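In order, the protein sequence lines correspond to chains A and B.
Take any residue in the first sequence, note its place counting from 1, add 723, and you have its number in this note's numbering.
Take any residue in the second sequence, note its place counting from 1, add 4, and you have its number in this note's numbering.
Since the hints were made in silico from the structure, they are not lab data.
The structure presented is a predicted model; accordingly, all values stated were derived computationally and were not measured.
Even for Gly, the Cβ is constructed at its ideal location relative to N, Cα and C.
A few of these clues could be false.
What the hints assert, rightly or not - For lysine-lysine, the following DSS-like pairs were computed, each having C-alpha atoms within a straight-line distance of at most 30 Å:
hint, chain 1, residue 1, chain 2, residue 2
1, B, K177, A, K867
2, B, K177, B, K124
3, B, K177, B, K82
4, A, K831, A, K845
5, B, K82, A, K867
6, A, K867, B, K215
Claimed, not checked - Taking beta-carbon pairs under 7 Å as the criterion, some of the chain B residues facing chain A (in silico):
hint, residue
7, L63
8, M66
9, S67
10, N70
11, L77
12, K82
13, A84
14, W152
15, S153
16, T226
17, G254
18, Y255
19, S261
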Amino acid sequence: MSHATIHPVWVRAFHWINAAAVILMCMSGWQVYEASPIFAVIRFPAAITLGGWLGGALLWHFAIMWVLVANFVAYLALGVFTGRLRRTIFPLTLRAIATDLVAALRGKLSHSDLSAYNAVQKLAYLVVIVDIALVIVSGVTIWKPVQFPVLRTLMGGFDNARIVHFVAMSVLAGFFAIHVVMVALVPRSLLTMIRGR
Amino acid sequence: MKSDKDVRTLDAASIVKDAQKELGSSSRRLFGKRILTLGGLALLSGCDLTNDKSVNNLLRTMSSFNDDAQARLFDRSKLAPTYPDSMITRPFPFNAFYDIDQVPEVDARTYRLELAGLVKGRRVWTLGELSALPQRSQVTRHICIEGWSAIGKWGGVRFSDFLLLAGADTTAKYVALHCADNYWTSIDMPTALHPQTLLTLTYDGNVLPAKYGFPMKLRIPTKLGYKNPKHIVAITVTNEFPGGYWENQGYNWFGGS
Chain A
724 MSHATIHPVW
734 VRAFHWINAA
744 AVILMCMSGW
754 QVYEASPIFA
764 VIRFPAAITL
774 GGWLGGALLW
784 HFAIMWVLVA
794 NFVAYLALGV
804 FTGRLRRTIF
814 PLTLRAIATD
824 LVAALRGKLS
834 HSDLSAYNAV
844 QKLAYLVVIV
854 DIALVIVSGV
864 TIWKPVQFPV
874 LRTLMGGFDN
884 ARIVHFVAMS
894 VLAGFFAIHV
904 VMVALVPRSL
914 LTMIRGR
Chain B
5 MKSDKDVRTL
15 DAASIVKDAQ
25 KELGSSSRRL
35 FGKRILTLGG
45 LALLSGCDLT
55 NDKSVNNLLR
65 TMSSFNDDAQ
75 ARLFDRSKLA
85 PTYPDSMITR
95 PFPFNAFYDI
105 DQVPEVDART
115 YRLELAGLVK
125 GRRVWTLGEL
135 SALPQRSQVT
145 RHICIEGWSA
155 IGKWGGVRFS
165 DFLLLAGADT
175 TAKYVALHCA
185 DNYWTSIDMP
195 TALHPQTLLT
205 LTYDGNVLPA
215 KYGFPMKLRI
225 PTKLGYKNPK
235 HIVAITVTNE
245 FPGGYWENQG
255 YNWFGGS
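Only chain A is shown next, with the shape it has when bound in the complex:
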C-alpha cells in the first residue's frame, strides 16, 4: 500500500470547509427563496432550510458567504500556484470524457489509483469549480446590483441574476448528490479526503 499523499492538507481543508459552507449556504438560501419563490412549482420544505424565517436565513447567508468566498479564493490561489489544479484536471479532452463516461456507465472504470482522476471526474470537478465561481458572482450581483454595474450587466440585470444564482445553486446541489453517491460506491475515496492517502 502506498503511503504517498494523494490530497495535500490544504486541499482537504478546502474541501471540508467548502462542503460545510455550501450546505449552510444552500439551506439558508432555500429559506430566502421561500420568501419570494421564482418558480411556483419549486419549493423547499422548512425541514431542509436554515434560519427559521427570511431575516434569520439572511443572517446565515451573509455570514457564511465570507467563509465560502475566502476559502474558495484561497483554494484557487493555491491550486494555481502549486500547479495542482492544472495537473489534476488537465489535459481534459472530449474524447477522453466520452470514453470514460461510457466506461463509467457500464461499471468498468477502475478506481484502483485514487490519485489519478478519470475524465468524467475531471469534468465534474472543473464544472463545480466554475459553478461555485458563478454562484459567487451572481450572489454578489444580487447583494450589490448598484455598486457592481458591470456584474449587473453581465448577469442580465437584477432579476436575471436571481435566476442565474438559482441555476448555479441547482448545478451545485446536483454535483453534491452525484458526488455523495460516487463516494458511497468508492468508500476509500472518503478516507483519502480525510487523511490524505
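Start from chain A and add chain B according to the hints.
Below, chain B without anything else, positioned relative to chain A:
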C-alpha cells in the same frame, strides 16, 4: 462486470487493511471518536442552531461586520440604474408589515414633518412648504429583501438639499425616520446624501397615494425596500445608532444594494 468486481474487492480489502492499522493506534481512535461525537452533536443540534444564543450573537456580529463592509463599498457617485416610463411595473405592488386595509390615513391639513436631533434650522415643515421646494423625479427599481423587484416612478425633494436647507449636521452618522404606522428605520449619512435619495411626495406624477406612503416616502434606490419608509412624520439626525423595525429583528441594518 468482472473488472467492476475486482475494483470492489480491492476496495474492500484495502479498507479492512487500513482500518486494522488504524485500530492499532489508540490516540487516533480517540481522535476519530471525538470527531464523530462532534459531528453527531452538530447534527442533533442542527434544528436548534438558530435558537442558540451564542450562535445568534455570532450571526449578529457578522451582520454588523457586513454593515461596515457595505459602508466601505458604498460609493456616493455610483448611481442606481434608471428606466424609461414604459418599464414601470403596473400595478406597482403594495407591501408593508400589515394588510392594505390597515394603511394609515394621514390628514394633509394637519400634517407636520418634525425634525429632531442635530438640526440647526427649521424643525417643523408643512406639506405646502415641502412641495414648494425644487422637485425632481426618477424611475428606479425597488428591490425587496424577499427577492422580488418592481420599477416605479417617484418624485420629490432631493434629500440632501432638504437636509442642508434644514441645517442638519451632515457630519452626523445616522438619519432616523419615524412613520405614521409606527414603522421606523434609519440610514447612514452617506446614503442620505446620495444624489438619488429623494423625499418623495408623488408617485407616477400624482400625489403619493396612501398605499404608497402618503404624504411622504423616502425613496432610496441604493437600498432595499425596508429601508424606504412610507408615511414619514419625523426625522432625527443623530450619532446614536437608531436601529429599525425590521433591523432589530434581524434584517441587516445597512441593507444597501
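Hints and how they fare:
no.: 1; hint: K177(B) x K867(A); result: 22 Å, holds
no.: 2; hint: K177(B) x K124(B); result: 16 Å, holds
no.: 3; hint: K177(B) x K82(B); result: 20 Å, holds
no.: 4; hint: K831(A) x K845(A); result: 17 Å, holds
no.: 5; hint: K82(B) x K867(A); result: 11 Å, holds
no.: 6; hint: K867(A) x K215(B); result: 28 Å, holds
no.: 7; hint: L63; result: 4 Å, holds
no.: 8; hint: M66; result: 4 Å, holds
no.: 9; hint: S67; result: 6 Å, holds
no.: 10; hint: N70; result: 5 Å, holds
no.: 11; hint: L77; result: 5 Å, holds
no.: 12; hint: K82; result: 6 Å, holds
no.: 13; hint: A84; result: 5 Å, holds
no.: 14; hint: W152; result: 5 Å, holds
no.: 15; hint: S153; result: 6 Å, holds
no.: 16; hint: T226; result: 5 Å, holds
no.: 17; hint: G254; result: 3 Å, holds
no.: 18; hint: Y255; result: 5 Å, holds
no.: 19; hint: S261; result: 5 Å, holds
The structure agrees with every numbered hint stated previously.
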